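Fit chain to chain and form the complex, with the hints in mind.
Just so you know, the sequences run in chain order A and B. Take the first sequence: its letter number 166 is residue 166 in this note's numbering, and every next letter is one higher. Take the second sequence: its letter number 53 is residue 373 in this note's numbering, and every next letter is one higher.
Keep in mind that the hints were calculated from the coordinates and are not lab data. Just so it is clear, the structure is predicted and the values come from calculations on it, not from any experiment. Fair warning: there could be bad hints in the mix.
Under 8 Å between C-beta atoms, here's a sample of chain B residues computed to sit facing chain A [claimed, not checked]:
hint, residue
1, V378
2, T383
3, I387
4, H389
5, T398
6, Y401
7, V404
8, R406
Partner residues are not named here, just some residues of chain B that face chain A (Cβ under 10 Å, in silico) [as the list claims (entries may be wrong)]:
hint, residue
9, E346
10, F350
11, T355
12, H356
13, H385
14, M400
15, C416
16, E421
17, R425
18, L426
19, W427
20, R428
Heads up, the beta-carbon is just placed ideally off N, CA and C, and yes, glycines get one too.
Residue-level listing of the chains:
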Amino acid sequence: MANLLWLQGGACSGNTMSFLNAEEPSACDLVTDFGINVLWHPSLGMELGENLQRMLRGLISGEIPLDIFVFEGSVVNAPNGTGEWNRFAGRPMKDWVRELAAMAGFTVAVGDCATWGGIPATAPNPSESVGLQFLKRGHGGFLGKDYKSKAGLPVINIPGCPAHPDWITQIVVAVATGRGGDLSLDEFGRPKTFFSSFTQTGCTRNMHFAYKVSATEYGQRKGCLFYDLGCRGPMTHSPCNRILWNRQSSKTRAGMPCMGCTEPEFPFYDLAPGTVFKTQTVMGVPKDMPSGVDKTGYVKLTAAAKAASPKWAEEDIFVV
Amino acid sequence: MVEDTQLVSDTRERDEISALLASGLETEVFPRADTHEAVQEIVARLRTVDGDLKAKLVIAGFTDHPIEHGGIEQPCETCMYYLVHRKYCELPELACSVEPEWSCRLWRI
Numbered sequence: 001m002a003n004l005l006w007l008q009g010g011a012c013s014g015n016t017m018s019f020l021n022a023e024e025p026s027a028c029d030l031v032t033d034f035g036i037n038v039l040w041h042p043s044l045g046m047e048l049g050e051n052l053q054r055m056l057r058g059l060i061s062g063e064i065p066l067d068i069f070v071f072e073g074s075v076v077n078a079p080n081g082t083g084e085w086n087r088f089a090g091r092p093m094k095d096w097v098r099e100l101a102a103m104a105g106f107t108v109a110v111g112d113c114a115t116w117g118g119i120p121a122t123a124p125n126p127s128e129s130v131g132l133q134f135l136k137r138g139h140g141g142f143l144g145k146d147y148k149s150k151a152g153l154p155v156i157n158i159p160g161c162p163a164h165p166d167w168i169t170q171i172v173v174a175v176a177t178g179r180g181g182d183l184s185l186d187e188f189g190r191p192k193t194f195f196s197s198f199t200q201t202g203c204t205r206n207m208h209f210a211y212k213v214s215a216t217e218y219g220q221r222k223g224c225l226f227y228d229l230g231c232r233g234p235m236t237h238s239p240c241n242r243i244l245w246n247r248q249s250s251k252t253r254a255g256m257p258c259m260g261c262t263e264p265e266f267p268f269y270d271l272a273p274g275t276v277f278k279t280q281t282v283m284g285v286p287k288d289m290p291s292g293v294d295k296t297g298y299v300k301l302t303a304a305a306k307a308a309s310p311k312w313a314e315e316d317i318f319v320v
Numbered sequence: 321m322v323e324d325t326q327l328v329s330d331t332r333e334r335d336e337i338s339a340l341l342a343s344g345l346e347t348e349v350f351p352r353a354d355t356h357e358a359v360q361e362i363v364a365r366l367r368t369v370d371g372d373l374k375a376k377l378v379i380a381g382f383t384d385h386p387i388e389h390g391g392i393e394q395p396c397e398t399c400m401y402y403l404v405h406r407k408y409c410e411l412p413e414l415a416c417s418v419e420p421e422w423s424c425r426l427w428r429i
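Just chain B, with the same shape it has in the complex (with noise of 0.2 Å):
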């Protein structure tokens, strides 16, 4: 029961992701948490923005496509983060239903 209730809630907020990334919503993908002073800076940023959907995609640079970066590709379902199964962003920061083909520049594998 537990789990379909979270399914449902999952593949709402995917949709929702899906829909608002889908119709141009402008994020910054560039540049990319190359360090670990940038990945803190970013991190620190979605702290403030608290259960804001559209702003935590934004400041995290999501896109419904894999980026190429330094020879890499970097999509959601390769991150350290990325539960295959629930295929949800465990960030804490992130906290959000993904698909594995999409990406953001706090990818790390």
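Chain A with its partners taken away, still in its complex shape (with noise of 0.2 Å):
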């Protein structure tokens, strides 16, 4: 039986909603299947006032046995550092926070405010907000870099926005049945074994990708997203298109363009004015390139494999 706490801090319950759709596993497989005992949750919780208290306290003196401390939403600092502006059973919440960490046999921050701050942290984030370890790129965040639980891990963060439910249930399963050990986080404290593939990996518009073939409006099932309406699936870390969304589609799938949201920079540019859903250029070429991919090269690539693209690739293949 593993122990698990989930909080909200500066949330839209976003990551919650996505959690109570998981399917592989689900939410109720964690009890039934997996043993997980969840203490307290914001839609599940039963305990309220002081019983909340009372088990927030446990949990902080050892009382009670923390096994796994899920936090979702960004942790707010404002007004000037105090916290005030979310309070939670009786406190700031980043208090809580911050002794429960240090008690969680695994600390694990769900979609990108826990991550990096996510949009609260978006300038000039008025919240003051953080992620638990990270602040958009930067190491820290509100535990410090030098943050470990007390199984010897950083934050497993799992961005998204939100986290796509099985990913947040995977991990869960994971460290609740003693896998934890096996798990392998890169940089950002992404377990490798979602995150290490990019977004474009299995999408089915990687043929338009390859002969240069772009999409112009949205929901077209024909062309490739990137060169025109901002698709970031070439430079974004996530299963998207290997763990599908409700296991049937993906956004790039069904003709949207990936915004990035796994990666700690989103929101892009801030937000600005024309900079969502539309690639930016700088003289005609696309401002972020595929990863590992330099101007020389791609410019190349392009005219090349514009050149060679078959007739097909102009037309709409997905006829119903």
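Below, the structure is given as structure tokens:
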């Protein structure tokens, strides 16, 4: 039996909604098949008021073992570092977070806000939000770069806006069943099993990417979304086209550009007008290249690929 | 049949544009759309012309030869909006037949 506590900071509950929609395994499977005891969750917890405070104090004192501490949402420090804008169970949430993280076997940050600050931390960041161990790309965050949970791991970051339901439950199951030591994390604390490949990996538009045929409108079935519509699939680490959403599809498959929501910089360009869903260019060349590709190589490749593109690549091959 | 009709219509339009450019139509070749803001500004102007072919060519800065800018040649044939087999510009605000060696200032790769 592994005790799990889930708290929310500066959050929209999107990751909770995602978690509750998990399928492989489902949130119920965590309890029935994997012996996870959900001590409290904002949407599932039964305790209120004094009872909840008593439980949280019990976790901090060590009276109740805290095996897995899941945090959703940013850590809010406003105003002026006090955290008073986000009070929970009688005190600033950030104070609970610091003390609970010190006792946790594993600490898991779910979603962009908990991992790197996300949208709340977008400039000018009025809520003084930070992620648990990162603020955007900067290592440190609320717990500091040297933080390790009792199991000896840094915060396990499962980013996304929201994170995919099954990324959450699969990681929780891994740590609850004693396989936390098998987790290999990247430089941003993301499990490599999910975040080494790109969103583009498995995208049904890869043929159009290869032949440099562009989609020019949302929902078009032909064409790649990278060239004009701001898709960040070629430079975003996520398995969105390997572990499909609702087990059915993905944004890019459905004709909507990837916004790069598993990367620390999300939302890119601080949501400046005209930067969302539009490929940013300098002298006609994309400002953000596919990972590992330089400008000269890109221009040469594109010219050659375009010249070689077959006729079918310009047509809608996904005929109903 | 549909393809044949499209081919005839595309060829006619391409000939018309070719004649306009050959006759010395002055277009806004420079400044090129180097930034996102510049692209947006030109596209916004294109949205106001509503099918006026000559106005589209002028605003987009069409030429019947490639323009080199920033050390890169910018012909239609390498542009993202160019359909190689149809010889067509697919940018919704332009949507017209072109030749591979033509160029415009909305070129993007």
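A quick look at each hint next to the structure:
1. The beta carbon of B/V378 comes no nearer than 20 Å to any beta carbon in chain A, farther than 8 Å, and the hint placing it at the interface is violated.
2. With its C-beta approaching chain A no nearer than about 15 Å, B/T383 sits outside the 8 Å limit, and its interface hint is violated.
3. For B/I387, the suggested interface contact is broken, since its CB lies about 11 Å from the closest CB of chain A, more than 8 Å.
4. With its C-beta approaching chain A no nearer than about 6 Å, B/H389 sits inside the 8 Å limit, and its interface hint holds.
5. At about 5 Å, the closest approach between the beta carbon of B/T398 and any beta carbon in chain A falls short of 8 Å, and the interface hint on this residue holds.
6. Interface hint status for B/Y401: upheld, as the beta-carbon distance to the closest one in chain A is roughly 6 Å, under 8 Å.
7. With a cut of 8 Å, the hint placing B/V404 at the interface with chain A holds, because the nearest CB-to-CB distance is about 5 Å.
8. For B/R406, the shortest C-beta to C-beta distance to chain A is roughly 7 Å, which falls under 8 Å, so the interface hint holds.
9. The interface hint given for B/E346 is broken, as the beta carbon of that residue sits about 22 Å from the closest beta carbon of chain A, more than 10 Å.
10. Interface hint at B/F350: violated, since its Cβ lies 13 Å from the closest Cβ of chain A, which is beyond the 10 Å cut-off.
11. This hint holds: B/T355 has a C-beta 7 Å from the nearest C-beta of chain A, less than the 10 Å allowed.
12. The restraint placing B/H356 at the interface with chain A holds, with a minimum CB-CB distance near 5 Å, inside the 10 Å limit.
13. A distance limit of 10 Å between C-beta atoms decides the matter here; for B/H385 the minimum to chain A is near 17 Å, and the interface restraint is violated.
14. Because the smallest distance between the Cβ of B/M400 and any Cβ of chain A comes to about 4 Å, under 10 Å, the interface hint for this residue holds.
15. Annotation: B/C416 was flagged as interfacial toward chain A, and the flag is violated, the nearest CB pair being 14 Å apart, outside 10 Å.
16. For B/E421, the shortest C-beta to C-beta distance to chain A is roughly 13 Å, which exceeds 10 Å, and the interface hint is violated.
17. Below 10 Å, beta-carbon pairs count as interface contacts, and B/R425 has one with chain A at about 9 Å; its hint therefore holds.
18. Annotation: B/L426 was flagged as interfacial toward chain A, and the flag holds, the nearest CB pair being 8 Å apart, inside 10 Å.
19. Interface restraint check for B/W427: the shortest CB-CB distance to chain A comes to about 5 Å, inside 10 Å, so the restraint holds.
20. Taken as an interface hint, B/R428 checks out: its beta carbon lies about 4 Å from the nearest beta carbon of chain A, inside 10 Å.
Hints 1, 2, 3, 9, 10, 13, 15, 16 from the list above are not met by this structure, while the remaining hints are.
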